[in-house]
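A.B. asks: We have chain A already, so just place chain B on it with the hints.
If you're matching them up, the sequences are chains A and B in order.
Residue numbers for the first sequence follow our numbering, beginning at 118 and rising by one.
Residue numbers for the second sequence follow our numbering, beginning at 221 and rising by one.
Calculated from the structure, these hints are not laboratory results.
For every residue, glycine included, the Cβ atom is placed at its ideal position computed from N, Cα and C.
Some hints could be false.
To be verified - Output of the computed footprint for chain A on chain B, the stretches with three or more beta carbons under 8 Å from beta carbons of chain A:
hint: 1; region: 360-369
hint: 2; region: 374-387
hint: 3; region: 466-473
One-letter residues, chain by chain:
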Amino acid sequence: MSETAVALRSVAKNFPNGIEALRATDLSIAEGSFVSLVGPSGCGKSTLLRLIAGLLAPTTGTIERHDDRMGFVFQDPTLMPWATALENVALPLRLNGGTDDSSARHALQRLGLDGFAGAYPHQLSGGMQMRVSIARATVTSPRLLLMDEPFAALDEFTRFRLNDDLRALWQKHGWTVVFVTHSVQEAVFLSQRVIVMSPRPGGIVADMRIDLPQERRNDFRLSHTFIDQCACVSTSLHAATAAQDSAA
Amino acid sequence: MRAAGKVILPFLFGALLLIIWEVAIRLNHIPQFILPAPSAIAISLWKDGPDLLRNLSVTVEVTLVALLLATITGVAIAVALAQWPLAERTFFPYAVFIQVTPIVTIAPFIIIWVENIFVVLLILAWMAAVFPIISNTLLGLKSASANLRELFRLYRASRWQTLRRLLIPTALPYFLGGLRISGGLALIGTVVAEMVAGTSGAQSGLASRLLEASYRLELPRAMACFVLLSATGLILYWALKVLSHRLLRHWHESARGIEN
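Only chain B is shown next, with the shape it has when bound in the complex:
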């Protein structure tokens, strides 16, 4: 009953909102280029579906590759910073710099310097996504229990052994928390980058299509893009949550509660 309520209640609420929306538009004769009815968006989704999905695949590809690169570089940077405190003091401010700089303000420069649009999008999405992975992983690497550290010292563990058997397992839940945030940021970064990069090219990503449709006042199509991008974000979040749960379920508090 409670499990059913968890799914049914939000669903019913959403359906109710859509019905109110539809009825309000029809009763007040609001034109489509101001606010389209849900039915118009659904029709556009169906009609333009194949074209939009082709564009979505570009967006998803950039997002996933950027997330992968952010994971690899973020973890590598965090490990390096954790191993050498001097490196942390020297370089961490620059990681913060990447984080706090709105990527929209860097995008024009990257577009000038880099010719390949895919690489431009990748760089910008990476910049949006990398910081949570660096900072969370770094926090995790420093969170190993003091007694376990002493135990490793007592058995004369090498730096590598301590990293592999103590610091990395300790950091895993922190890293996964960062990854979940970065997943969303990678998508946001990709979308922002596509919008800044403009609408050139037939298949330059779904955000470009959204912008293009809105210029032409084709709001049902623009909103169909919006729906697809939101759905992508939700699926990405859910997938990372499942991954996190799979990796931690044997031992970590955060994953143990979910099973029962």
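Chain A on its own, in the form it takes in the complex:
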């Protein structure tokens, strides 16, 4: 019914040092969906994300993207310390030969950073730096937004605020989001679909649809339906890890 934004067919990745980072994986992500990849460190979720971005080439298999316009958000804000917030956000436009900053200003506004265009990264809090990073990733109106544990280093309060804002932006703009996290709660709160991965070698062990209302307010995190879904994902994550441990 809906278009496929990203399709992976038997994609595997081995690193030159012999580590099998990702075993042959098939994955199809629908246009406009919010998908989270959850798993312990070393399960290949960041590798999978970088394969989708084209930052890594697969050892075997093929990756198809419906649209090449994408944004990438790293775990650190990854801002240029010598450039202002506005200049950082405008970077993708500049690299594309653009000189007009109006969409960069607009992207900053969208992330609630109206008054901070001229601020340098060191003058901003961790949460605000991450907002600049998201503004930069979305300034080119991408169809696909790839996020690699973007909120892992933030305090819980800031993380909840950013979760809320990210969900609202996604609903408004209809991006396809692939979101890597090691937090089950974060994955369930944000996503329509949670993919559980396990390590050695990395691969998908569960693919779960999250049946929760689209409208998710802050107190929703305390509701039974939310906690039940989290428990469900946790169980599958633990089962996968336990199976790994007994095999090893």
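C.D. replies: Chain B only, in chain A's frame:
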């Protein structure tokens, strides 16, 4: 109070040393051609001032031109080496060779090959100054964050865009650190070159005057040259430090602390 102490304490210490020096010379009747008193050096500075300053201007001119050339060539070489790893492996050992060779040992050859004394001094001062700029800038060009590099790749930045917008800004603090070292080395290189080149010519630089005065046992004059050269080194260091601070104050850790 603390700011005042920063200036006053070293000043008082220096003044104390000078007084002890002066008194010791007078009490022990040490002759001027062994060790002149500070007052004798001051008198010489005043009396020979115009002549010494004319010679100093030659030294300063060589130093600054050599530093400028070292900056231009050093940065160009570092950029080339950073862009082509094969070039780095091929040529970097020769940069090290220039660095570790004492310029005094090369000076006689340069003097034979090159007729113009100004050019001789320039070549030797350049050789003394260029290495810190090459090696620091090269280190800086390679220090860009891995994630930012990936970001540039993701947006298909050209080699030139990556250089201009990522590598050069990253390298700037490293380059400025190298420049500060090279400033001092350029002056040292110029002085050594002048001494090796000898005392020929009326205005061949202050180091030549220093050497000439010491041959004639005019130690107050020789020491006046020494004082002027040290002051030049200090001013050069301070100027490069201010330049570095101006360029980095908006964002770099090294410059942010100084403001408050």
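A.B. asks: Taking each numbered hint in turn, which are not upheld by the structure, reported in ascending numerical order?
C.D. replies: The structure breaks none of the hints.
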